[in-house]
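K.L.:
From just these sequences and the hints, can you work out the full model?
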Amino acid sequence: SQQGEEDPQALSIQEGENATMNCSYKTSINNLQWYRQNSGRGLVHLILIRSNEREKHSGRLRVTLDTSKKSSSLLITASRAADTASYFCATDRPPRGSTLGRLYFGRGTQLTVWP
Amino acid sequence: EPEVTQTPSHQVTQMGQEVILRCVPISNHLYFYWYRQILGQKVEFLVSFYNNEISEKSEIFDDRFSVERPDGSNFTLKIRSTKLEDSAMYFCASKFRQGSNQPQHFGDGTRLSIL
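Residue numbers (the working numbering), protein chains in the order written: chain A, 80 to 194; chain B, 11 to 125.
Worth flagging that the hints you see were computed from the coordinates, not collected in a lab. Where hints are given, some of them may not hold.
[To be verified] List time: in silico DSS-like cross-link candidates among lysine-lysine, alpha-carbon distance up to 25 Å:
| # | chain 1 | residue 1 | chain 2 | residue 2 |
| --- | --- | --- | --- | --- |
| 1 | B | Lys52 | B | Lys67 |
| 2 | B | Lys52 | B | Lys88 |
| 3 | A | Lys105 | B | Lys52 |
| 4 | A | Lys148 | A | Lys135 |
| 5 | A | Lys135 | A | Lys105 |
| 6 | A | Lys135 | A | Lys149 |
| 7 | A | Lys149 | B | Lys88 |
| 8 | A | Lys105 | B | Lys93 |
| 9 | A | Lys148 | B | Lys52 |
| 10 | B | Lys67 | B | Lys88 |
| 11 | A | Lys105 | A | Lys148 |
| 12 | B | Lys93 | B | Lys52 |
P.N.:
Spelled out as structure tokens, the structure:
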């Protein structure tokens, strides 16, 4: 299976602290994406990192990718109560045949940020 | 910012009945997907669609499932002879084009409840 697996399953922090979530996967990938899901809502794309990239930033988000360890991390700096959500990593595999980049999701990390 | 729109937000259907879930992808996107998420579980791929045909489908997407792009804007998922285990959140996603730096954009989902 190629699914990403996040850890921890749940993370609880105070506002202003940093939150780090990790993702591991099993096979080669084309890219790795992080999504956020508020309770009962859809998946919001946060950031995509390609297999030839090692680090990427977007605002308060920092994503790293280590293809040798088949792992990625998502760091949210200076967290806010509004960051409370589930965070998922999703991987796709290199193109083969007619694959259109189906995504393989992990179970997610539930982040709670207390005011 | 353009977004993927799904209707209805919640669908309640008797077991054995047919249901159609509707999606309006982002207007200039060419690649379309359906995923589902059973409560408390991972987001799972169902099907990808391009150029008016299915590109790939998972083992979940059995012969009770079908997809259609009846016009230039809608993308539908039909489930015939619904079962209790079809109860889940169904997400539509779209992507502008193929390529390793293209994210999939998700709608807010349709919660399907089979009674």
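K.L.:
Does each hint hold? Answer for all of them.
P.N.:
Against the structure, the hints:
1. B:Lys52 / B:Lys67: holds, 17 Å
2. B:Lys52 / B:Lys88: holds, 21 Å
3. A:Lys105 / B:Lys52: Judged against 25 Å, a Cα distance of about 16 Å means the pair holds.
4. A:Lys148 / A:Lys135: holds, 17 Å
5. A:Lys135 / A:Lys105: holds, 21 Å
6. A:Lys135 / A:Lys149: holds, 16 Å
7. A:Lys149 / B:Lys88: violated, 37 Å
8. A:Lys105 / B:Lys93: Roughly 32 Å separates the two Cα atoms, so the pair is violated.
9. A:Lys148 / B:Lys52: holds, 23 Å
10. B:Lys67 / B:Lys88: holds, 14 Å
11. A:Lys105 / A:Lys148: With Cα atoms ~9 Å apart, A:Lys105 and A:Lys148 stay inside 25 Å; holds.
12. B:Lys93 / B:Lys52: holds, 19 Å
Violated hints, in rising order: 7 and 8; the structure is consistent with all others.
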